[in-house]
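Residue numbers (the numbering used here): 23 to 526.
Source of the hints: derived by calculation from the structure; they are not laboratory data. Don't take every hint at face value.
[Said to hold, decoys possible] What follows is a list of derived Cβ distance ranges for each label pair:
1) LEU158 / ASP111: 34 to 42 Å
2) ALA243 / GLY139: 37 to 45 Å
3) ALA80 / LYS241: 19 to 27 Å
[To be verified] In silico lysine to any residue, SDA-like type, Cα no more than 25 Å apart, as pairs:
4) LYS241 / SER493
5) LYS430 / ALA467
6) LYS162 / GLU150
7) LYS287 / THR257
8) LYS344 / LEU267
9) LYS395 / PRO495
10) LYS430 / LEU472
11) LYS241 / GLY139
12) LYS292 / LEU267
13) LYS430 / ALA447
14) LYS475 / ASP459
15) LYS292 / ASN282
16) LYS287 / THR298
17) LYS395 / GLY304
18) LYS290 / GLY46
19) LYS241 / ALA386
20) LYS162 / SER255
21) LYS241 / LEU267
22) LYS290 / GLY98
23) LYS287 / GLU209
24) LYS290 / PRO47
25) LYS241 / LYS395
26) LYS241 / LEU216
27) LYS395 / VAL424
28) LYS290 / ALA345
29) LYS241 / PRO35
30) LYS395 / ARG373
31) LYS292 / ARG81
32) LYS287 / ASP78
33) LYS241 / ARG194
Keep in mind it's a predicted model, so treat the numbers as computed, not measured. Even for Gly, the Cβ is constructed at its ideal location relative to N, Cα and C.
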Amino acid sequence: MSETTLPESAGRPIRVRMAPSPTGPLHIGTARTSLYNFLFARHHGGTYVLRVEDTDVARSTIEHERDIIDNLHWLGITWDEGPQVARGDDIGSFGPYRQSQRMELYAAEAARLLESGAAYHCWCTPEELEAVRRDLEARKEAPRYNGRCLRLTDADRALFTAEGRMPAIRFRVTPETIRFDDLIRGEVEFDNALLGDFVIVRADGVPLYHFVVVVDDEKMAISHVIRGEDHLSNTPKHIALIRALGYDEPRFGHIPLILNADRSKMSKRKSQTAITAFREQGYLPEAMVNFLAFLGWSPGTEEEIFTLDELSRRFDLDHVHKAGAVFDQDRLDHLNGVYIRDLSDEQLALRLRPYLPDALDDDAVLRVTPLIKERLVRLSDATELTAFLTESDEQVAALFDVEQLLPKGRGPAEAATALSSAREALAELDDGDFAADVLESRCRAAAERLDWKAGDFFRPLRTAITGRTVSPPLFGSMELLGRDRVLARLGMALEKVGPQAVGA
RNA sequence: GCCCCCAUCGUCUAGAGGCCUAGGACGCCACCCUUUCAAGGUGGAGAUCACCGGUUCGAAUCCGGUUGGGGGCACCA
Numbered sequence: 023m024s025e026t027t028l029p030e031s032a033g034r035p036i037r038v039r040m041a042p043s044p045t046g047p048l049h050i051g052t053a054r055t056s057l058y059n060f061l062f063a064r065h066h067g068g069t070y071v072l073r074v075e076d077t078d079v080a081r082s083t084i085e086h087e088r089d090i091i092d093n094l095h096w097l098g099i100t101w102d103e104g105p106q107v108a109r110g111d112d113i114g115s116f117g118p119y120r121q122s123q124r125m126e127l128y129a130a131e132a133a134r135l136l137e138s139g140a141a142y143h144c145w146c147t148p149e150e151l152e153a154v155r156r157d158l159e160a161r162k163e164a165p166r167y168n169g170r171c172l173r174l175t176d177a178d179r180a181l182f183t184a185e186g187r188m189p190a191i192r193f194r195v196t197p198e199t200i201r202f203d204d205l206i207r208g209e210v211e212f213d214n215a216l217l218g219d220f221v222i223v224r225a226d227g228v229p230l231y232h233f234v235v236v237v238d239d240e241k242m243a244i245s246h247v248i249r250g251e252d253h254l255s256n257t258p259k260h261i262a263l264i265r266a267l268g269y270d271e272p273r274f275g276h277i278p279l280i281l282n283a284d285r286s287k288m289s290k291r292k293s294q295t296a297i298t299a300f301r302e303q304g305y306l307p308e309a310m311v312n313f314l315a316f317l318g319w320s321p322g323t324e325e326e327i328f329t330l331d332e333l334s335r336r337f338d339l340d341h342v343h344k345a346g347a348v349f350d351q352d353r354l355d356h357l358n359g360v361y362i363r364d365l366s367d368e369q370l371a372l373r374l375r376p377y378l379p380d381a382l383d384d385d386a387v388l389r390v391t392p393l394i395k396e397r398l399v400r401l402s403d404a405t406e407l408t409a410f411l412t413e414s415d416e417q418v419a420a421l422f423d424v425e426q427l428l429p430k431g432r433g434p435a436e437a438a439t440a441l442s443s444a445r446e447a448l449a450e451l452d453d454g455d456f457a458a459d460v461l462e463s464r465c466r467a468a469a470e471r472l473d474w475k476a477g478d479f480f481r482p483l484r485t486a487i488t489g490r491t492v493s494p495p496l497f498g499s500m501e502l503l504g505r506d507r508v509l510a511r512l513g514m515a516l517e518k519v520g521p522q523a524v525g526a
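I would like the entire structure built from these sequences, with the hints used as guidance.
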C-alpha cells in the first residue's frame, strides 16, 4: 500500500462510509460509489463504514435494506462497521448504524442550532411555501425560502402554537463564499448568499438528509466523503452546517455520474439499475465489479481485467474521471463472457445450477457445461442452450418446421435421405459406444457415402436433435441425449419430412 | 431562471507541452479457423482531441471565451 498518494486528511485516521437509503433495491450508482469507497479504504488501510439512511420511514423498508446488504456482499464488498440484522447488535463502536435509531442525537444537535440562533422554527405551510415558490419562479428568481418566519414576533409564534401548528426547523444560511478542495475536481467555490434557508427537521420531527448526513459523518469520524457528483452543489450546505455545529470538515470527493444512453443521470425509467436484476440474469459479481470500477476510473495503463484484490491495490482517486460515463451494456456482456470462460467447468456448473431445471441432474449439468461455456454471455443463457436436453421428443419435434431441416439448395427428399442414413449408422451402435467422437466419425462417413459436405449433412441432424438451427456442438449434444432419444428424434424428424419427401 | 461541474473514435478510456501522422478495449465490417452459433486468430473502417482565440520554438495537454451536455436549487435521499 503506497502512502505517497494518500490524500491529506488533517492527520485523522482514514474512515469512509457508504450511506445507502433503503428506499429501493441496490442501485448501480450506489454500488459503484460503495465500490470506490471500499477500494479507497482498502488501498489506504482505512476503515469502511456502512450506514443505513432510513430517516424517510415512509419510503424505507427492511426488504430493501436486506437487498442492499445482500447484493453488496454478493459483489464482494465488505465493511468494518455497520448494522447487524438484529437491532442493537451492531459491529463497530460508532453505532447505531441505522439513522432511524439515532433520532435523539439529531434532536439534540438541532436543539443546539436553535439555541445558538443558527436555526429557527418555521411555521409556513406547504401551501404557503408553494405559493412563494411559484411567485419567485414567475419573476424568474431563484426558488428559495424568503425568510418569513425569521421575522416572526413572539405573539405570532404563540398564535401558531395555540392553533396547534407544529413548526419545522430551518437552518439559517450565512451569506458567505464557501470554498473547498474537492479530491477529484480541485478548488470549487460557491456563494451561499444564493441559497435559501433550508429545512433540517420536518414539522413532524423527522430530520432531513442534509442535516443527518453532516451529523453522522462527524459522529462517525468520517475523514473522506466520497459520493456522486449529484451532491457537489449540496456540499456548501453541508459545510455551512459543519461550521455552525463546530465540526471537523472532512475531505470531499465527487465522482462522476453513471449515465443513461442519452447522457442523463442513470435512472430506473431509462435503464436497468437494480444490481439484483443483473444478478438474476446471470452476470458474475467479478465481471460486475470489474465493469463498475472502469466506469469513471482506469489504472492509467492498458490493462483491463482486474479482480477485486487487484483493484484495491491499484485504485486511487487521481485516476478517477471528471466526466460522466455512459453505461455500456455491450461492454458488460463482453466482460461477463471473459469471466465465465475463465471459470473451471466445475465452478461454472455450480453457478449454472440455479438456471437449469431439476430434471437435469448435477452430473448432466457438469457434462453439458463445457459444451456451452464459450456460448454464454449470461449464466441465464444456459436455460435456452440446454433446453433440448429436458424437452420431450415431441416438444422438440414441435419446435421446427420442415424448412429448418433443409440444407441450402436441398429439398425434403434429400433431408429425409440424410436423416435416415444417419439413423441407420447410429442405430448400429450400442449404448456404450454412444460417444461424441464415435458419433462424429460415423456421421462423417455417412455424409461421404452420400457425397455431401459434412456441414450440409449435419444441419438436418442438428434440427432434429435439438429442435433448433443453432445449438451446442452436435455430437456432444447427442452423447448427452443418449442413443434412444437420438434415434427417436431422428425418427420423428423423418416422419415430419416424410410426406413432403414423397411429394418431391 | 440562478449556481456548479464537465468536454479525446458510437461507447468505456490511454494521454500531466515535444514519445501523438492520438494508443487500447467494446461494438461494427472483412477474412481465417469451423458442424450451426459462439469462442479464437488476422486485418479494416472509425476522433481535423467540441469550437474560437491566446501563451509557447512547439498544445489533445496551459489560459480565456463560446457552444454543447450534465447536475443541483424539496418539510426526498
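Quick rundown of the hints versus the structure:
no.: 1; hint: LEU158 / ASP111: 34 to 42 Å; in the structure: violated (48 Å)
no.: 2; hint: ALA243 / GLY139: 37 to 45 Å; in the structure: violated (27 Å)
no.: 3; hint: ALA80 / LYS241: 19 to 27 Å; in the structure: holds (25 Å)
no.: 4; hint: LYS241 / SER493; in the structure: violated (59 Å)
no.: 5; hint: LYS430 / ALA467; in the structure: holds (20 Å)
no.: 6; hint: LYS162 / GLU150; in the structure: holds (18 Å)
no.: 7; hint: LYS287 / THR257; in the structure: holds (19 Å)
no.: 8; hint: LYS344 / LEU267; in the structure: violated (31 Å)
no.: 9; hint: LYS395 / PRO495; in the structure: holds (11 Å)
no.: 10; hint: LYS430 / LEU472; in the structure: holds (16 Å)
no.: 11; hint: LYS241 / GLY139; in the structure: holds (22 Å)
no.: 12; hint: LYS292 / LEU267; in the structure: violated (40 Å)
no.: 13; hint: LYS430 / ALA447; in the structure: holds (23 Å)
no.: 14; hint: LYS475 / ASP459; in the structure: holds (18 Å)
no.: 15; hint: LYS292 / ASN282; in the structure: holds (7 Å)
no.: 16; hint: LYS287 / THR298; in the structure: holds (20 Å)
no.: 17; hint: LYS395 / GLY304; in the structure: holds (13 Å)
no.: 18; hint: LYS290 / GLY46; in the structure: holds (10 Å)
no.: 19; hint: LYS241 / ALA386; in the structure: violated (55 Å)
no.: 20; hint: LYS162 / SER255; in the structure: holds (20 Å)
no.: 21; hint: LYS241 / LEU267; in the structure: holds (12 Å)
no.: 22; hint: LYS290 / GLY98; in the structure: holds (24 Å)
no.: 23; hint: LYS287 / GLU209; in the structure: holds (24 Å)
no.: 24; hint: LYS290 / PRO47; in the structure: holds (11 Å)
no.: 25; hint: LYS241 / LYS395; in the structure: violated (50 Å)
no.: 26; hint: LYS241 / LEU216; in the structure: violated (29 Å)
no.: 27; hint: LYS395 / VAL424; in the structure: violated (30 Å)
no.: 28; hint: LYS290 / ALA345; in the structure: holds (21 Å)
no.: 29; hint: LYS241 / PRO35; in the structure: holds (14 Å)
no.: 30; hint: LYS395 / ARG373; in the structure: holds (12 Å)
no.: 31; hint: LYS292 / ARG81; in the structure: holds (21 Å)
no.: 32; hint: LYS287 / ASP78; in the structure: holds (22 Å)
no.: 33; hint: LYS241 / ARG194; in the structure: holds (22 Å)
In summary, the structure is inconsistent with hints 1, 2, 4, 8, 12, 19, 25, 26, 27 from the numbered list given earlier, while agreeing with the others.
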